Structures are given as structure tokens and as C-alpha cells.
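Assemble chain B onto chain A, guided by the hints.
In order, the protein sequence lines correspond to chains A and B.
Going by this note's numbering, the letters in the first sequence line up with residues 11 to 231, in that order.
Going by this note's numbering, the letters in the second sequence line up with residues 11 to 231, in that order.
Calculated from the structure, these hints are not laboratory results.
Given the structure is predicted, the values throughout are model-derived calculations rather than measurements.
Hints may contain errors.
Copies of the same chain are indistinguishable here, so a pair counts whether it falls within one copy or spans any two.
What the hints assert, rightly or not - Here are the simulated DSS-like pairs of lysine-lysine, each with C-alpha atoms no more than 25 Å apart in a straight line:
no., residue 1, residue 2
1, Lys119, Lys15
2, Lys119, Lys100
3, Lys15, Lys100
Number of protein chains: 2
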Amino acid sequence: MTHHKPADIERTSMAIIAAELCQRGITIPPDREAVVRRVIHTTADFDYAANLTFTPQAVARGVEALRRGTAIVTDTNMAKAGISRPALSKLGSQVLCFMAEEDVARQAKQQGTTRAAAAIDRAAREHPGAILAVGNAPTALFSIARHLEAGLRPALVIGVPVGFVNVVEAKEELLEVCRRLEIPAILAMGRKGGSNVAAAICNALLYLAGDLTDPAARGWQ
Amino acid sequence: MTHHKPADIERTSMAIIAAELCQRGITIPPDREAVVRRVIHTTADFDYAANLTFTPQAVARGVEALRRGTAIVTDTNMAKAGISRPALSKLGSQVLCFMAEEDVARQAKQQGTTRAAAAIDRAAREHPGAILAVGNAPTALFSIARHLEAGLRPALVIGVPVGFVNVVEAKEELLEVCRRLEIPAILAMGRKGGSNVAAAICNALLYLAGDLTDPAARGWQ
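Isolated chain A (complex conformation) (with noise of 0.2 Å):
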């Protein structure tokens, strides 16, 4: 076996990604470049280059308000735990997840809906400006969707849940919100996604927020 470093080995996974995207013939937007190739390079899954959708501007929003030290919240404690701890530190940013608090399980109980609709309700009502990350519950996109309705402006809404019962539908309603309402929004259309996902696409954003884009400065060895 050869020894490479991992800022090697990343620059080169990049560079295989952004070979093969040009050989099946893909162009991405250069806004949009840094985020598709994460997810690829997280999920060594090509589909990702058609299912992403971005509304105007979506990248450019994520980026500044990252900057701005604009909190993300996640709906599991898997996305929380594959967001870089360097670049949010660099950027004075957090991430936050709710689904274990107790008073969250509490009002969905009370309300009959699930713990992720209910940490949404949550970070709407005491993070109104963060980043919405969610990479498993399609129920918190619906409540994304009605807090939007409401009047909600979260800074960006990642929205990437994985799986077969109402995931579809769910990222579909969402999409035709954030762009009625023009609210920025990163989603992974149809069933694929997940808390990996999720967490790929916050720290594209992270490290283009941070200018982290070359490895070797976020601290890899």
C-alpha cells in the first residue's frame, strides 16, 4: 500500500469526482460545484449530481450567513457529530440539535406530532435565523414548509431526508414554498439523502465560509 496524506487523498478524490462528472457529461454551476462534490465525495454516489436542487442564490446565502456566525440546527445527532467542529469554531458558528431535549418530547407528545416536527417548532422559536439542516425526518420538512408559511425566514433550509414512505412528497411540498416565498434551499430530491448528507453540505458551506477549501488548512494531517 502507498501512504498518502489525507489532504492528498482528498485533493485527489476531488479531482476523480470532478474527472468523472465531466465524462457522464455533467456541467455543475460553479456556485454549486463546492456542494455537489462533497455529497459525492461522502456518498461515492454520482446521483447526487442530478438530485441536488438549489434555489438562486441558495449557496451564496449559506456562505454569508455562516460567516455572520448563524447557528445550524440539525434534526440528528449524527449530522451534528459529522459537521466540522474546526470551521465552526473559526466561523464563531454552533450546531444544534433538539431531538433529545426533553421538553421536545414532551410537546409532541402533547401535540401528537413527532420529536423532529416538534424541534423544529423549537428552533423557530428561538433560533428564527439559523440554518435548517435536516437529513432525516420528512414530518420536519412539512413543519419547515408551515413555519415558512407563517412567516418563518430561516437563513437557509437544507433539506436531504432519506427513504421510502413520504420523503418524496415531502421534499417536493418544501421546494415549491422556498421558491414561491424565495426562501434559500439546498434539497436532495426524491428518496436519497441522510444525516451524512446533511452534514456534507453544511461543511461545503462551512469551508467555503471559512476559505477552508484547501485540506490541509482545516488541520488534516
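Okay, now just chain B, sitting in the frame of chain A:
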């Protein structure tokens, strides 16, 4: 939107996955069904029906080990965050990740290796009979292969890193070693995998081990 309980959603999702596997003419051996279906449930990616490779008795050996309370050692905090706490606690098992430990970083630096490889050295020393679950670092797989040749006998090796550099080779080398030495192993061949896939495989085994195959039994609402 129709409200569904999470347990119902999971059952419906698993039924859709089973039906689509059938439509695609894919038959999964019964002992491997729970693992393959859960990975597809986590990724919405049917490629895993072909990519996931099992040595004989790998599932049975993993389940037996978890029933004895054997620890899982993983290479990312993201995989750790994705493994079911209720299931671990029912079985008296635990999940460990050494990637962020100072001594691991120090050893990696001293030996000119990666933290992932140094973390496997520590796992081999402190938890020689553990389940090793690698979702990220191909260098961890090379390290495991070396330890197996030197006599290490983990209860099960789960090797599902994702990536474009050294990943395919690392999995092929490890599969050859596991087959030759009769070490139980579950690998995702090719480029695909990830921390989410590692966590999904661990969860499938934990649910089998804890008779938690019905999602309602896992404390879903």
C-alpha cells in the same frame, strides 16, 4: 399530509424495500436480509444489495457477540452517534471511538501513520475481541488486515469506508485476509459505504441480537 407513526413508517419502508428487491429479481439469503434491508433503508440505494459481502456465518457471529455484550469500536463519532443507545443498553454493550483521543493522535504522529490506523492499534490492544466497524478510513482496514495476520481475532469486522482513493483496494485486501483466516466480516465492496452504513449494519445486528426487530419495541412513538 397523512400522519404516520414512525414504527408504521419503518414497517412500510421495509415492505417497499422487500418488494423492490423482488421486482429487481434480487434474492438475499435469509440470514443477511435484515442487514441488507437496513442499509438500503438508510441510503435508499439498492446498489448495496450487490455490494454487501458477507463471510460465512458473519451475521450469526455478530449477533452472538452482541448477545454477550461485546463492545463495538468504530472509526468515527458520526457512526457512534448513529448506533442505537436503547439497543446497546438492552444488551449491555457499548460503542467506542478512539479517533479524538490524544494518545491516538500522538501515536499516529510518532509512527507516521493515520489516526484511524493508530485507533485500530489501540482497539487491538484494549478490546481484542470487539466488533470493529469502519465507515470512513481505508487505512483502518489495512491496519486491521495487518493485525489479523498477527493473530488478532475480533468478533466481527465491518468494513464499509466510502471513497475514491485506496478504498476499493483496502476492502479487497481485507476480504481476502478475512476469508483465508476465517474471520467473520461484512464489507461493502467498491467505493460506496460510509459512517451511516456502518451504523446501519451495527443497528441491524443489535436489533436481531436484542429481538428488537419490531420498531415499536425500540421505543419509537
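Now for the hints, and whether the structure bears them out:
1. Taking the shortest Cα distances, Lys119 and Lys15 sit within 25 Å of each other only across copies (12 Å), while inside one copy they are farther apart (49 Å).
2. Taking the shortest alpha-carbon separations for Lys119 and Lys100, only the inter-copy value of 24 Å comes in at or below 25 Å, while the best intra-copy value is 38 Å.
3. In the homo-oligomer, the alpha carbons of Lys15 and Lys100 lie at most 25 Å apart inside one protomer (23 Å), although the nearest pairing across protomers, at 40 Å, exceeds that limit.
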